[in-house]
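Student: If you want the building blocks of each chain, they are given just below.
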Amino acid sequence: MATTALLSQDPLVAEAELQAILGGRTGDGAVIAFVGLARDTSRTGPVTGLFLDHYGGFTERSLEVIAADAGARFAVSDIRVIHRCGDVAPGEAIVFVGVAAPHRRAAFEAADYLMDRLKTEAAFWKREDGPDSSRWIEPTDQDRADRQRWSD
Amino acid sequence: MTGIAPDNTGMQIRILFLGEFGVRFGREHMLACTDPLTVAELRRRLIDQVEGSAAILNRPDTRFVVDQTIVPDTAFAGPGQEVAVLPIYSGG
Chain S
0 MATTALLSQD
10 PLVAEAELQA
20 ILGGRTGDGA
30 VIAFVGLARD
40 TSRTGPVTGL
50 FLDHYGGFTE
60 RSLEVIAADA
70 GARFAVSDIR
80 VIHRCGDVAP
90 GEAIVFVGVA
100 APHRRAAFEA
110 ADYLMDRLKT
120 EAAFWKREDG
130 PDSSRWIEPT
140 DQDRADRQRW
150 SD
Chain B
0 MTGIAPDNTG
10 MQIRILFLGE
20 FGVRFGREHM
30 LACTDPLTVA
40 ELRRRLIDQV
50 EGSAAILNRP
60 DTRFVVDQTI
70 VPDTAFAGPG
80 QEVAVLPIYS
90 GG
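Order-wise, the sequence lines are chains S and B.
Every letter in the first sequence is one number past the one before it in numbering that gives the first Met the number 0, and letter 59, counting from 1, is 58.
Every letter in the second sequence is one number past the one before it in numbering that gives the first Met the number 0, and letter 71, counting from 1, is 70.
Keep in mind that a hint or two might mislead.
To be verified - Examples of chain S residues toward chain B, derived with CB under 10 Å:
(1) R38
(2) R60
(3) E63
(4) L117
(5) S132
(6) D142
(7) A144
(8) Q147
Unchecked claim - Cβ-to-Cβ under 8 Å is the rule here; a few derived chain S residues that face chain B:
(9) G48
(10) D52
(11) Y54
(12) F107
(13) T119
(14) W149
Calculated from the structure, these hints are not laboratory results.
Source: prediction; values computed, not measured.
Even for Gly, the Cβ is constructed at its ideal location relative to N, Cα and C.
Please model the entire structure based on the sequences and the hints provided.
Tutor: Spelled out as structure tokens, the structure:
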């Protein structure tokens, strides 16, 4: 089992990340890729950008723990999590999650699990900026309910 | 840098406020002390010295991190160590 969990200050190129987990793979029958994008609207109105604050070292470790937990839980062979920090413009990728596995079900489930954990437990503090104001985001009830699905 | 002035001996704990806390109170503070403090005592000193911080520092979902590990109120932090004060995570 291989895991990669990285934080990126620079724009995330999803095609390159997909290639990184896809390229040269012969022993697996499935690769699932999920790309989370910054939206230009939210429930409170237009969004001009996001800022993801992080705590150096600590935030990276939170990504590594989530990726390792997924690797231990599902029959997968490779996990790749790349997460942006800093300023993110609408339309840019915030997160890439790639999972390779011998069979598709485990890859789908692991990707789903990874995103549910990342949405609630990744150590980020996210500010949503609009034309007139900014607000700090907390996980929604739906995010928490999604995370709860995986509780043992 | 904002916050508490260092003492003459340079015995200080570095405090980092993350996320919204950093915007409201300043990202980095230096807290003078000569001996290790419990997190509970450190919180009390911060409340005294960082105006308006009591409400957020007393929130049950505010967490303290000493040298990169989340710790309870009974943990200690001393001169030369770093303590981060974390709001609830937004998640990714």
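Student: For every hint, state whether the structure bears it out.
Tutor: Going down the list of hints, with the structure as the test:
1. R38: It is violated, given that the least Cβ distance between S/R38 and chain B is near 14 Å, above 10 Å.
2. R60: This hint holds: S/R60 lies near chain B, its Cβ roughly 7 Å from the closest one there, short of 10 Å.
3. E63: With Cβ-Cβ at 12 Å, over 10 Å, it is violated.
4. L117: 4 Å, holds
5. S132: Constraint on S/S132 not satisfied, violated at 13 Å.
6. D142: For S/D142, the interface hint holds, since the closest Cβ of chain B sits about 6 Å away, which is under 10 Å.
7. A144: 13 Å, violated
8. Q147: 14 Å, violated
9. G48: 15 Å, violated
10. D52: At 5 Å from the nearest chain B Cβ, S/D52 passes the 8 Å test, so the hint holds.
11. Y54: Check passed: Cβ of S/Y54 comes within 5 Å of chain B, closer than 8 Å.
12. F107: Constraint on S/F107 not satisfied, violated at 19 Å.
13. T119: Where the cut-off is 8 Å and the nearest Cβ of chain B is about 5 Å from S/T119, the hint holds.
14. W149: 14 Å, violated
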